[in-house]
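Asker: If you read the sequences in order, they're chains W and A.
FYI, the working numbering numbers position 270 of the first sequence as 431, with every residue one higher than the one before it.
FYI, the working numbering numbers position 72 of the second sequence as 873, with every residue one higher than the one before it.
Source of the hints: derived by calculation from the structure; they are not laboratory data.
We put the CB at the ideal spot given by N, CA and C, even for glycine.
Keep in mind that a hint or two might mislead.
[To be verified] Derived DSS-like pairs: lysine-lysine, alpha-carbon spacing no greater than 25 Å straight-line:
no., chain 1, residue 1, chain 2, residue 2
1, A, K864, W, K226
2, W, K245, A, K908
3, A, K841, W, K239
4, W, K211, A, K877
5, A, K847, W, K222
6, W, K211, W, K296
7, A, K818, W, K245
8, W, K178, A, K908
9, W, K222, A, K818
10, W, K520, W, K495
11, W, K164, A, K830
12, W, K178, A, K864
13, W, K359, W, K296
14, W, K249, A, K864
15, A, K908, A, K887
16, W, K435, W, K520
17, A, K881, W, K164
18, A, K887, W, K239
19, W, K222, A, K841
20, W, K440, W, K462
21, A, K841, W, K164
22, W, K239, A, K818
23, W, K245, A, K864
24, A, K881, W, K226
25, A, K908, A, K847
26, A, K881, W, K239
27, W, K239, W, K164
28, A, K823, W, K239
29, A, K864, W, K298
30, W, K478, W, K461
31, W, K239, A, K826
[Unchecked claim] Now the stretches of chain A that chain W is said to cover, found in silico as 3 or more residues with beta-carbon under 8 Å:
no., segment
32, 815–821
33, 859–865
34, 877–885
35, 890–899
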Amino acid sequence: MYKVTDEQIDFILENIKANGVTIEDLQYNLLDHICCIVEREMPVGGDFYKFYDNIMPRFFKTELKEIEEETNNLLTFKNYYAMKNTLKISGIISSILTIFGAIFKIMHWPGASVLIVLGGLSFSLIFLPLMIVLKFKDEESTTSKWVFSFGFLLAMGAATGTIFKLMHWPGASFLMLWSISIFIFGFVPLYYITQVRKAESKFNTTINAILMLACGAMLFALFNLRPSTGLEGSVNASYVFMNYNSNELIAANTILLESVTEKEAANQFHKNSKDLFDKIEAVKINLIAKAEGVSKEDAKKMNLLDMQRANDNHTTKNDFDFAEGEYSFKSVSKAIEVYNSQVKETFPNHAEKIIAIEKLQLTNTILSVLLHELSQIQLQIATTENSYLSSLK
Amino acid sequence: MYICLMYSSELIKGTLKTIVLKLLKEQGKMYGYEITQRVKELTNDKIQITEGALYPTLHLLEKNGEVETETEFIGKRVRKYYTITKQGRITVDLKVNEFVDFMNTMKFLLDVELKVSNVQSNR
């Protein structure tokens with residue numbers, strides 16, 4: 162039997178490498194295979210190099226590299242199936258989680274948020290990215306590849322934004338607004354223009370574009386979901402009514418003060434009440450002025466409907482909840498505490514006259530609610546003073 | 802570049818995995834050249850596995866964990882021996898059953914098809 166020499170082995174290996182086979186395993190497999198052929202099939206007395214040239218075409222159609230390409234194809238094809246499976250599973254799981262999350266949320270059952278967040282995130286962070294990868298593999302036209310991937314990317318933004326919005330997380334509006342508006346005004350026209358040219362899918366393209374536009378527009382309409390104007394109107398009416406009542410009561414108290422006999426004590430109580438009342442009024446004006454960016458004079462004249470930023474929660478947080486100084490939550494609650502201790506002395510048997518601020522929503526809320534609560538306190542101060550003065554008569 | 806000679810490559814394209822696994826199951830450990838020769842022998846030269854198809858398939862089977870390898874050094878050469886794994890045995894049974902089922906279906910299907918086409922051509 163012919164024995165392949167070491168030089169010939171080197172020659173074969175170099176030749177294999179030179180022909181573009183880079184996987185080491187494959188190089189050695191081919192080397193051994195070629196040696197086997199040479200040793201068993203070469204006629205006695207044959208020329209090695211000539212024989213080598215003759216047998217090499219058995220390994221390929223046009224070039225040796227094909228073997229390596231075929232290997233890589235097979236190996237990535239396997240990933241491809243794994244990816245498609247993950248796509249299917251993540252799609253099903255995220256739909257189920259989201260649907261159940263929505264049902265739980267509607268029913269106010271516990272766990273709704275967890276379901277929605279998991280569903281939404283698996284949709285936007287597993288399903289959609291995989292769609293992009295697969296589109297890049299499957300789609301033949303380069304334009305379509307980019308157009309679809311662009312669309313999926315925007316969908317990722319919109320889906321994440323929606324989840325953030327549902328969870329009241331920061332950045333939700335930014336994500337939703339940008340991804341949905343780019344989707345409607347950028348992607349849909351782009352999709353339509355690039356895809357409608359394909360005669361075989363012209364009808365489908367049109368229908369898809371309309372569907373996407375409709376869904377996008379509906380999400381867009383949901384973007385700035387605020388209480389209805391009717392509700393806002395009635396909330397404002399009650400705010401105005403409350404302020405009117407406490408002012409009336411304060412005026413009545415002033416008249417009442419004239420007629421009481423124990424002037425000194427009455428004057429002291431009146432002063433305390435008025436101080437707290439005015440302090441709270443000043444806090445309200447300060448907040449409105451800060452939120453609306455107007456002068457305090459203008460802020461005084463504003464009711465809730467005049468305000469542009471009545472539902473704002475930045476001002477309440479920065480200029481009240483966590484602020485320092487005379488307009489802060491700290492300062493207000495301190496003043497109320499002092500006032501309460503006097504009320505306790507004056508009305509030892511009337512615990513209900515104490516202003517129980519822990520029952521009110523003073524912090525972590527929007528401006529309109531805070532203003533409401535502050536007016537509530539003012540009304541109570543006026544009432545308490547009124548009943549005190551009445552008792553002296 | 803798949804499997805050639807007697808049968809058209811399309812016909813046998815999907816069966817290379819089955820052939821290789823079945824052979825490894827019956828014969829124990831084998832190396833690449835041996836596999837091609839053995840198939841040639843067993844089928845009286847009717848099926849010749851080309852190298853261009855065999856090695857990619859072997860690599861895939863190895864990655865899937867259906868075969869495992871051991872290497873033997875012969876001078877400067879390295880010979881890779883392939884043996885079937887437990888998982889490979891499961892796969893080969895499935896594949897053989899699937900293929901038998903496929904053949905039966907084809908037989909049935911093609912009979913029907915032939916009759917239909919005969920009727921059409923006789924019209």
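Asker: So, for every hint listed, does it hold in this structure?
Answerer: Outcome of the hint check:
1. K864/A <-> K226/W: Answer holds: K864/A to K226/W is near 20 Å, not above 25 Å.
2. K245/W <-> K908/A: violated, 32 Å
3. K841/A <-> K239/W: violated, 29 Å
4. K211/W <-> K877/A: holds, 22 Å
5. K847/A <-> K222/W: Roughly 20 Å between the alpha carbons, so the hint for K847/A and K222/W holds.
6. K211/W <-> K296/W: Cα-Cα ~47 Å, so violated.
7. K818/A <-> K245/W: Holds, because 22 Å separates the two Cα atoms, which is no more than 25 Å.
8. K178/W <-> K908/A: Violated, because 46 Å separates the two Cα atoms, which is more than 25 Å.
9. K222/W <-> K818/A: Given pair K222/W, K818/A holds - Cα atoms ~21 Å apart, limit 25 Å.
10. K520/W <-> K495/W: holds, 16 Å
11. K164/W <-> K830/A: Within the cut-off at roughly 23 Å; holds.
12. K178/W <-> K864/A: With Cα atoms ~23 Å apart, K178/W and K864/A stay inside 25 Å; holds.
13. K359/W <-> K296/W: This hinted pair holds, its Cα atoms lying about 17 Å apart.
14. K249/W <-> K864/A: Within the cut-off at roughly 23 Å; holds.
15. K908/A <-> K887/A: violated, 32 Å
16. K435/W <-> K520/W: holds, 23 Å
17. K881/A <-> K164/W: holds, 19 Å
18. K887/A <-> K239/W: Within the cut-off at roughly 20 Å; holds.
19. K222/W <-> K841/A: holds, 20 Å
20. K440/W <-> K462/W: holds, 17 Å
21. K841/A <-> K164/W: Given that 25 Å is the threshold and the Cα spacing comes to 23 Å, the pair holds.
22. K239/W <-> K818/A: Given pair K239/W, K818/A holds - Cα atoms ~14 Å apart, limit 25 Å.
23. K245/W <-> K864/A: The given pair, whose Cα atoms are some 19 Å apart, holds under the 25 Å limit.
24. K881/A <-> K226/W: With Cα atoms ~20 Å apart, K881/A and K226/W stay inside 25 Å; holds.
25. K908/A <-> K847/A: Measuring from Cα to Cα gives roughly 21 Å; hence the hint holds.
26. K881/A <-> K239/W: holds, 23 Å
27. K239/W <-> K164/W: violated, 39 Å
28. K823/A <-> K239/W: holds, 21 Å
29. K864/A <-> K298/W: Judged against 25 Å, a Cα distance of about 21 Å means the pair holds.
30. K478/W <-> K461/W: holds, 21 Å
31. K239/W <-> K826/A: holds, 23 Å
32. 815–821: Check failed, 0 qualifying residues.
33. 859–865: Answer holds; 5 residues pass the 8 Å Cβ test.
34. 877–885: holds (count 5)
35. 890–899: violated (count 0)
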